[in-house]
Amino acid sequence: MSVPAKEKASSFEPNIVAFVCNWCTYTGADLAGTSRLNMAPNVRIIRLPCTGRIDTLFILKAFERGADGVIVSGCHPADCHYTAGNYHARRRFAVFRELMEFMGVDPQRITFSWVSASEGGKWAEVVNSTTEKVRELGPFVSYPRVAHAQVK
Amino acid sequence: MSRIGVFICHCGENIGRTVDCAQVAQAMGELPGVVHSVDYKYMCSDPGQALIKQAIKEHNLDGVVVGACSPHMHEKTFRKAAASAGLNPYLCEMANIREHCSWIHEDRAEATEKAKGLVRFIVEKIKYNRPLSNIFIPVNRRALVIGGGIAGIQAALDIADGGREVILVEKESSIGGHMSQLSETFPTLDCSQCILTPRMVEVAQHPRIKLLAYSEVESVDGYIGNFEVKIRQKARSIDVSKCNGCGECTKNCPNKKIPSEFEQGLGFRTAIYVPFPQAVPNIPVLDRDNCALFKGRAKGVKKQVCGKCATVCGRRAIDFDQQDSFITEKVGAIIVATGYQLYWIGKEQESEILHGYGEYGYGTIPDVIDGLQFERLASASGPTGGKILRPSDGKEPKKIVFLQCIGSRDRAKGMEYCSKICCMYVAKHTMLYHHKVHDGKAIVFYMDIRAGGKGYDEFVRRAIEESHALYLRGRVSSLTRNGDTIRVQGVDTLSGEPVSIDADMVVLATAMRPQPGITSLAQKLSVSYDLHGFLNEAHPKLRPVETNTAGIFVAGACQAPRDIPDSVAMASATASKVLGLFSNEQLEREPLIARVDRQTCTGCFHCERVCPYGAVERFEVKDRKGNLIKVIAEVNQGVCQGCGTCQATCPSKSIELDGFTDEQIFAAVNAL
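If you read the protein sequences in the order shown, they are chains A and B.
Note that this note's numbering gives residue 61 to position 61 of the first sequence, counting from 1, and the numbers run on in steps of one.
Note that this note's numbering gives residue 73 to position 73 of the second sequence, counting from 1, and the numbers run on in steps of one.
Keep in mind that the hints were calculated from the coordinates and are not lab data.
Careful, some of the hints might be misleading.
[To be verified] In the BS3-like style, the derived pairs of lysine-lysine whose C-alpha atoms are separated by at most 25 Å in a straight line are:
#, chain 1, residue 1, chain 2, residue 2
1, B, K395, B, K436
2, B, K653, B, K630
3, B, K80, A, K61
4, B, K541, A, K122
[Unchecked claim] Some chain B residues flagged as far from chain A (calculated, every beta-carbon gap over 12 Å):
#, residue
5, R164
6, Y471
7, T519
Heads up, the beta-carbon is just placed ideally off N, CA and C, and yes, glycines get one too.
Bound conformation, chain A alone (with noise of 0.2 Å):
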């Protein structure tokens, strides 16, 4: 590689989704709006009514799909519109951040946070850092040619 690591990092504009939850994240993120709060134009949201519906399956797709970072919000722990939703989306994301690194994944370019409906500030923050963050860690090459990298 002739070109710096960072310096290439620094001109690529990242991909990320985030997968929110309605009550909490979404409305939080309603609100950062509101407050014309401004932020990194990376983060595209896909709205769930809860954190718990995510299946860790929608995140393996949008990586495949060509987004290179993840962002997954809900309500703060015993929050939750549903009472128990966000705790199941914990457990979950434990567990599946092994099956990322296993998978050749780095973990980094998944965050998590918990935003409530009152948080729009702490909003923009999570998509500014998780935007450069993801910045710094470069374009996310697909699992498939990780795979046959590695076989060659």
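Starting from the known structure of chain A, arrange chain B on it as the hints suggest.
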């Protein structure tokens, strides 16, 4: 192939200034499945909605995507518009290109690209939307109120006056709760019994209220609109159909030395007793633990010991063999109004966080009493006939010290919350004391004065200015016996001086806690509670009287420390919620709930385990001969709240959340 209509809103300048809406509309128009794509200034306005309705008819649309503000704002608006044009409302969705795009970015090119992406997510998702219809579940329009204090009474009256039947269950022998023990109420100094007893009588006489006193809830089954409640009617040892409340039994009972619970231990009662003269229902109850006859039976004595009450009862209403009986009631809504208890700080507590305050001598020094005991002393029908007298020697105290915040606002011992009513009732006590003992001196040790209600601060001012109560800002470190008096060691932080007082009586303002047994009741109802046992409301700001369990509401001090006006307001609020629920024979629910595919479900019940609402039931699949093939999961349409945790957990992907199916979400992700 789909026939989707896309409508991009400028929202005046809100979106239009940053996002090139025409470009977005044009780009969406090129997507496969999109047959109509336009942009307009104000989609939510009447002409804007008319555009949608017209397009649905003209282009035979089977899906509508509106790229505009947040769905939280206008999803209902556009769904209604679609429905009025003949399109199933659940085939209409919104893409948020305002809060999530135009309002948070400045670069026009970046924002426009992002808007295209966001609308595209929804366009791809909506291709897999199914037409859905609202679900109707029948509602049994009777209510159950648990707790017969002022909150329970108010709720029952409001619902009954609203035309619906109510069952009021109260665990004590009479309704009235703690308010019936009070002497006078702040800030009006109304005689508590005078304003309460008319309500109690109204409850007893109301044609639509079924009063079950001396009863408790045994078990609760079912769900909103369809609860089945088993109630235990405890044995009074009296046939209520025969008793006429004459009181002969009470008069003739030989055991007159049992400490009275109503008098908070300051007075006595008989074994067969009515808790207070104005009790409703005015039927006695026999305390078998303290009755000579039952003690004899327990010992195995053959000959009947005592039995005086049965002998003098002209109606032959006494029944020593009566057992607890059970009835089942079907109701559509439940209100919990079980009230509070005061923190008895003198004794060992059942949990780690309640440490007890040995240094205050409560329970050992007889003249150290709590707020409710002072109320009984002040009450005209109390153990001293309304005279403030020392429990130890019956003398009139000339100096009373009141301590606020005992057990409250203390993270180290006791509870960290404020009990809300103590500042007010201590001020009231100083005034009552002053009215009864003109040369008495009242001293109050306080941390803060919390008098936020209407007329409350003025009330405390009166205690200081008219009743000459001395308010010292500081805490007391110990209460010790000093001969006949109680040595109070405290500090006045405003002057910086330690204070030592020899008081004739000390009254402690102890913390308010929920009733004992609240956690087991909450578990029966599947209602959550906090670490103190106070029941949890659905949302502290905007849904203070509902719980997260549909159909169950809370009123009064069982949810948090609360005074009478707020408890009454809350009770009326729950009644309005219940009457709203009962306004239709059927409950209409959004159909965005889970559904099981009976073919592929294997009956592993992972979904049952993770469902926070217990909405998964078991369904038996049988062949034509009636042989059981398999037992699979089934979602109760009345209970499921639509979180989707079950779908993410199902190993065979047999359960789907309508509105957010895997197909729909993968379609959106594929549109990246």
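Index of numbered hints that the structure contradicts, given in increasing order: Those not satisfied come down to hint 3.
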